[in-house]
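Protein chains in written order, with this note's numbering: chain A, 1 to 252; chain B, 253 to 892; chain C, 893 to 1118.
Just so you know, these hints were derived from the structure itself, not from any lab.
Model, not experiment: these values are computed from the prediction.
Be careful, since some hints might not be right.
The calculated label-pair distances, taken between Cβ atoms and stated as ranges, are [what the hints assert, rightly or not]:
{"hint": "1", "chain 1": "B", "residue 1": "625", "chain 2": "A", "residue 2": "231", "range": "44 to 52 Å"}
{"hint": "2", "chain 1": "A", "residue 1": "21", "chain 2": "B", "residue 2": "451", "range": "44 to 52 Å"}
{"hint": "3", "chain 1": "C", "residue 1": "1100", "chain 2": "A", "residue 2": "30", "range": "54 to 62 Å"}
{"hint": "4", "chain 1": "B", "residue 1": "256", "chain 2": "A", "residue 2": "137", "range": "30 to 38 Å"}
{"hint": "5", "chain 1": "A", "residue 1": "24", "chain 2": "B", "residue 2": "567", "range": "50 to 58 Å"}
Here's a subset of chain A near chain B, in silico, CB distances under 7 Å, partners left out [unchecked claim]:
{"hint": "6", "residue": "21"}
{"hint": "7", "residue": "22"}
{"hint": "8", "residue": "23"}
{"hint": "9", "residue": "30"}
{"hint": "10", "residue": "43"}
{"hint": "11", "residue": "44"}
{"hint": "12", "residue": "49"}
{"hint": "13", "residue": "60"}
{"hint": "14", "residue": "69"}
{"hint": "15", "residue": "84"}
{"hint": "16", "residue": "114"}
{"hint": "17", "residue": "128"}
{"hint": "18", "residue": "148"}
{"hint": "19", "residue": "249"}
{"hint": "20", "residue": "250"}
Virtual Cβ for every residue (Gly too), placed ideally from N, Cα, C.
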Amino acid sequence: MSKEMTIHLKYWKQNGPNERGHFEEYTLDSVNEHMSFLEMLDVLNEELILAGKEPVEFDYDCREGICGSCNLVINGQAHGPKERVAACQLHMRNYKDGDHITIEPPRAASFPVIKDLVVDRSAFDRIIEAGGYVSIKTGSATEANSILIQKEKADEAFDYATCIGCGACVAACPNASASLFTGAKIAHLNKLPQGEIERSNRVVAMVDQMKEEGFGDCSNFAECEAVCPVGISISAIAEMRKDYMKAVMSGD
Amino acid sequence: MKLDSKVPGGPLEEKWNKHIKDIKLVAPNNKRKFEIIVVGTGLAGGAAAASFAELGYNVRSFCIQDSARRAHSIAAQGGINAAKNYPNDGDSIWRLFYDTIKGGDYRSREANVYRLAQVSNEIIDQAVAQGVPFAREYGGNLANRSFGGAQVSRTFYARGQTGQQLLLGAYQAMMRQVQNGNIKYHPRHEMLDVVVIDGQARGIITRDLVSGELCRYEADAVVLATGGYGNVFYLSTNAKNSNVTAAWRAHKRGAAFANPCYVQVHPTCIPVSGDYQSKLTLMSESLRNDGRVWVPRKKGDDRHPNDIPEEERYYYLEERYPSFGNLVPRDVASRNAKMVCDDGLGVGDTGLAVYLDFRDAIKRDGKDAISAKYGNLFDMYENITGENPYERPMRIYPAVHYTMGGLWVDYNLETTVPGLFAAGEANFSDHGANRLGASALMQGLSDGYFVLPYTIGDYLAKQEPGKRYGTDHEAFNEAESAAQAQIDKLLSIDGDRTIIDFHRSLGKIVWDKIGIARNKEGLEQAIEEIRELREEFWQNVKVPGEKNNYNKYLEFAGRVADFFELAELMAVDALDREESAGCHLREEYQTEEGEALRNDDDYSYVAAWEYKGLNGKLEETLHKENLEFEFVELKQRSYK
Amino acid sequence: MPSFTKALNSQVGRKIMTGITGIGLMLFLVGHLVGNLSIFGEENAFNLYTHALESLGPLLYVIEAALAFFFLYHAILGISIWRQRKKARPEGYNTYKTKGGPSHQTLASKSMIISGAIILIFLVLHIWHFKFGPTYMTTIDGTQMRDLKKLVIEEFNKPLVSLSYIAVLAITILHLSHGAWSAFTSLGMKHGETSKKVQVGAYIFAIVLMLGFISIPLYILVSGSV
Chain A
1 MSKEMTIHLK
11 YWKQNGPNER
21 GHFEEYTLDS
31 VNEHMSFLEM
41 LDVLNEELIL
51 AGKEPVEFDY
61 DCREGICGSC
71 NLVINGQAHG
81 PKERVAACQL
91 HMRNYKDGDH
101 ITIEPPRAAS
111 FPVIKDLVVD
121 RSAFDRIIEA
131 GGYVSIKTGS
141 ATEANSILIQ
151 KEKADEAFDY
161 ATCIGCGACV
171 AACPNASASL
181 FTGAKIAHLN
191 KLPQGEIERS
201 NRVVAMVDQM
211 KEEGFGDCSN
221 FAECEAVCPV
231 GISISAIAEM
241 RKDYMKAVMS
251 GD
Chain B
253 MKLDSKVPGG
263 PLEEKWNKHI
273 KDIKLVAPNN
283 KRKFEIIVVG
293 TGLAGGAAAA
303 SFAELGYNVR
313 SFCIQDSARR
323 AHSIAAQGGI
333 NAAKNYPNDG
343 DSIWRLFYDT
353 IKGGDYRSRE
363 ANVYRLAQVS
373 NEIIDQAVAQ
383 GVPFAREYGG
393 NLANRSFGGA
403 QVSRTFYARG
413 QTGQQLLLGA
423 YQAMMRQVQN
433 GNIKYHPRHE
443 MLDVVVIDGQ
453 ARGIITRDLV
463 SGELCRYEAD
473 AVVLATGGYG
483 NVFYLSTNAK
493 NSNVTAAWRA
503 HKRGAAFANP
513 CYVQVHPTCI
523 PVSGDYQSKL
533 TLMSESLRND
543 GRVWVPRKKG
553 DDRHPNDIPE
563 EERYYYLEER
573 YPSFGNLVPR
583 DVASRNAKMV
593 CDDGLGVGDT
603 GLAVYLDFRD
613 AIKRDGKDAI
623 SAKYGNLFDM
633 YENITGENPY
643 ERPMRIYPAV
653 HYTMGGLWVD
663 YNLETTVPGL
673 FAAGEANFSD
683 HGANRLGASA
693 LMQGLSDGYF
703 VLPYTIGDYL
713 AKQEPGKRYG
723 TDHEAFNEAE
733 SAAQAQIDKL
743 LSIDGDRTII
753 DFHRSLGKIV
763 WDKIGIARNK
773 EGLEQAIEEI
783 RELREEFWQN
793 VKVPGEKNNY
803 NKYLEFAGRV
813 ADFFELAELM
823 AVDALDREES
833 AGCHLREEYQ
843 TEEGEALRND
853 DDYSYVAAWE
863 YKGLNGKLEE
873 TLHKENLEFE
883 FVELKQRSYK
Chain C
893 MPSFTKALNS
903 QVGRKIMTGI
913 TGIGLMLFLV
923 GHLVGNLSIF
933 GEENAFNLYT
943 HALESLGPLL
953 YVIEAALAFF
963 FLYHAILGIS
973 IWRQRKKARP
983 EGYNTYKTKG
993 GPSHQTLASK
1003 SMIISGAIIL
1013 IFLVLHIWHF
1023 KFGPTYMTTI
1033 DGTQMRDLKK
1043 LVIEEFNKPL
1053 VSLSYIAVLA
1063 ITILHLSHGA
1073 WSAFTSLGMK
1083 HGETSKKVQV
1093 GAYIFAIVLM
1103 LGFISIPLYI
1113 LVSGSV
């Protein structure tokens, strides 16, 4: 039979991007150990709504760890204490009766708060816009097997391509850097022959955009790798740097 | 309303090519003058928006998520089918077409399905060129696997994240066009209505989900790629924000809704653990390749599963279907799980689960071999349930997964409202009464990359380029006021029950009575109960917050309101269809062995419903599109 | 393609230059230590070594200018990165905790700006202290030269001086233990097995190097001379 716990919550409330935020506290008395973290917040909101109070807003969609919508910072850790899970896949059995949990939005100037725990991550879209694609029009592709790719290479590209764009890397980075996100897309495409043609332009444009958006620099803390729900390695950043150097040196 | 499928004549193999040859083209200088709205950025919407923009049209793309990359296509695990026949195992366009028609239990349109199989190969080419990292063989060529009981290996995959990789491919193509300025991109916008002027779709009303503001957008054509309606069940494998609102409101503006009762239930999901449950998680059905499904023979047997001896275990799929065993199709597996649980044999706290046991496979192949195949799935299961599937059988239960029904579309994917198109899961077109595994991704991308870019041109070529009525037109005023009125109404009720509470109650009715198995009595009851609950919803729902701010619960309230209406239509449609077909099992229409019994003489039609009004009860008129099978012979499915 | 200046100012360029200047400074430190250790060598070795350096004439200025450039560039980049971090996260977390595992968030990496600032201040004092300190003279093999050895022994006999040096050098261990690993990472080293070895190497390098430096004030403080 499942266990029930009392959990003391402290969460960020902020009515809009230009409003001042503050913490609010609430104690939930019957948190089931099988609940996901977000289901616990659903229960919190149900109680708040019925009590005539404003619920706390947070982003979510798939609740199976792939869409990248959720991005809570839980007790100071992006996506909470468990390795390689998004907050939606964190279950309450990782906590014990009487625990105190502080929930904050990812804090970065480039991710302005929309409301409470919901932030605007459109900066990520703009980094992709800058060059995170292969310029191929619909219908102009060649026969799929005419491009042969070494299995190891394809697997490596996949490891980088698996990024869910949640922004935990930015949230956890002491510098609020977006290097892991940017590096992962660059490394995915630049590892593959399809990405070769635009390799230099891509890396330069995306790195520029990252700065343009106001993210911090990377200081090799590797905290991003530690919090990444899909375990993307900071080798992605190394790939980005190598490609950038190559682009600058080759002068094209 | 007259349903004209506009299927071109001629041999099956030549219909699409002939159609492309015959359709009208828009001159490049005129393309610039046309504006297309695409709602939804999943595989269908993302692919369509990118392809339209590449052709030179002005595109506006809308999605409810904070980024186009989060559309729920991202969660598809298994793979995407194509008739490449790389493994040389006898696959062909014809075979993919035939399997899809047969899998759909002969309730889909031949010409559409054949076209789907035809363009399937181009999809793979396109995705590979975009840099989608599909699995590869050591020789460097693309790998294939057999999926969902298919006899050939035609499924392309990217680990268990094929949907994610294909979606990111489409998203990136789209972002490229956003940067070029050819797509105007509106994330965090929800479509609340279609604006119809002189019988043609001319724009939409959206709510900016950040500011709460209602916005008007005019265009020459509108494409809805807004996904399926599985969330009517409250619990499903759909994302929390997946909804029917865009499709349903289009339906209320004149677009026929087809086959709403066709809902696919996936047999291998993690069961519900409590009332707080917000969604269900699917586990790849590949697990059934090695896992054995069973329940205790004795009711209420609460022994640890490992203590239940072999002779007291009821391997019901193996016993009932000796030749397919645990690998019967999704609908059969789901139905049987429900049957044994209804008989009181279910396991776990809720009694709504069956065991999927790997004990024998581990004994046979060793733990390492099983871990190599299913390690990530086992980890996921353990993370969610806290139980170790290497030591204790998994508990699984069916969950709503995909909806085959949707907006009725003709061969051009145009709804019954001219200028309004529907693509992907939002339309009804290709899967009949049951969708095969790895076919959803194929259909979404086929519609978006390779069908709509042609067919929408045919429509636009007949329109006057650059014609604008202006967003201050009466039709825009009316649509916006209606949307505003509903929002105001929802916020003003201030009742005692939350939206989730209502949604959960609605979901229970729909699951119990319009779920895996349906019967006349249950459906009639469902209609009554839905109406009553809907009545109460409009009297007693409590929607918190403000309209002019980010307000997730207000979004939900509007969506649940639409689910309440759709649910009634699902019951009406299920009641009308007095046969069993694919995922639609009417208990009255079964063979003696309990298998679905089709009635091809009377029900070989697409049920397209026309909205007539809502006065306590939903008023809809049925239009039938008869399905003619010129090229395949109708057979009864058998998996014995 | 970006202009060279733009490339240097990009977030990749900045980090690469931090790495390159860092490696340059580490090489300098190795040379500096080898030279310094000659104080334990034969009677006149240390003064001969410093005299040889001074005899380089204009070349010495070039080397000194280059060194100063490396130091300043490295410091400016460090400060600029730190300032950008304040801009990128104007509102901090109420609670913040590392997740461990592959993270390199350690006392060393978190205090780079502080250890760096201390080193910078130390550097100014150090140059002022010895290079521009009292000039004792000596004659070796008929050549008159500065008796820096005398000054060193005299100064390090003052407990305050030698203990301050030892403290700063200990802090430098922190800076180098992250910096030596980080420099290679900035220059494209992947985060795999090699990286783990390089991190171990960085710890050993930082400790050995600084123990070498520390040995001088410590020895003089304890024994009174060399």
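Against the structure, the hints come out as follows:
1. 625(B) x 231(A): 44 to 52 Å: The hint (44 to 52 Å, Cβ to Cβ) is violated, given that residue 625(B) and residue 231(A) are roughly 20 Å apart.
2. 21(A) x 451(B): 44 to 52 Å: The hint (44 to 52 Å, Cβ to Cβ) holds, given that residue 21(A) and residue 451(B) are roughly 50 Å apart.
3. 1100(C) x 30(A): 54 to 62 Å: holds (58 Å)
4. 256(B) x 137(A): 30 to 38 Å: holds (32 Å)
5. 24(A) x 567(B): 50 to 58 Å: Roughly 53 Å apart at Cβ, these two residues keep to the hinted range, so it holds.
6. 21: Violated. Min distance 14 Å.
7. 22: violated (17 Å)
8. 23: It is violated, given that the least Cβ distance between residue 23(A) and chain B is near 19 Å, above 7 Å.
9. 30: Hint violated; residue 30(A) Cβ to chain B Cβ min 10 Å, cut 7 Å.
10. 43: Where the cut-off is 7 Å and the nearest Cβ of chain B is about 6 Å from residue 43(A), the hint holds.
11. 44: Not OK, violated: residue 44(A) not within 7 Å of chain B, min 11 Å.
12. 49: holds (5 Å)
13. 60: holds (6 Å)
14. 69: With Cβ-Cβ at 6 Å, under 7 Å, it holds.
15. 84: With a closest approach of 9 Å, the residue 84(A) hint is violated.
16. 114: holds (5 Å)
17. 128: Since the shortest Cβ distance to chain B is 5 Å, the answer is holds.
18. 148: OK, holds: residue 148(A) within 7 Å of chain B, min 3 Å.
19. 249: Violated, because the Cβ-Cβ distance from residue 249(A) to chain B comes to roughly 24 Å (cut-off 7 Å).
20. 250: violated (21 Å)
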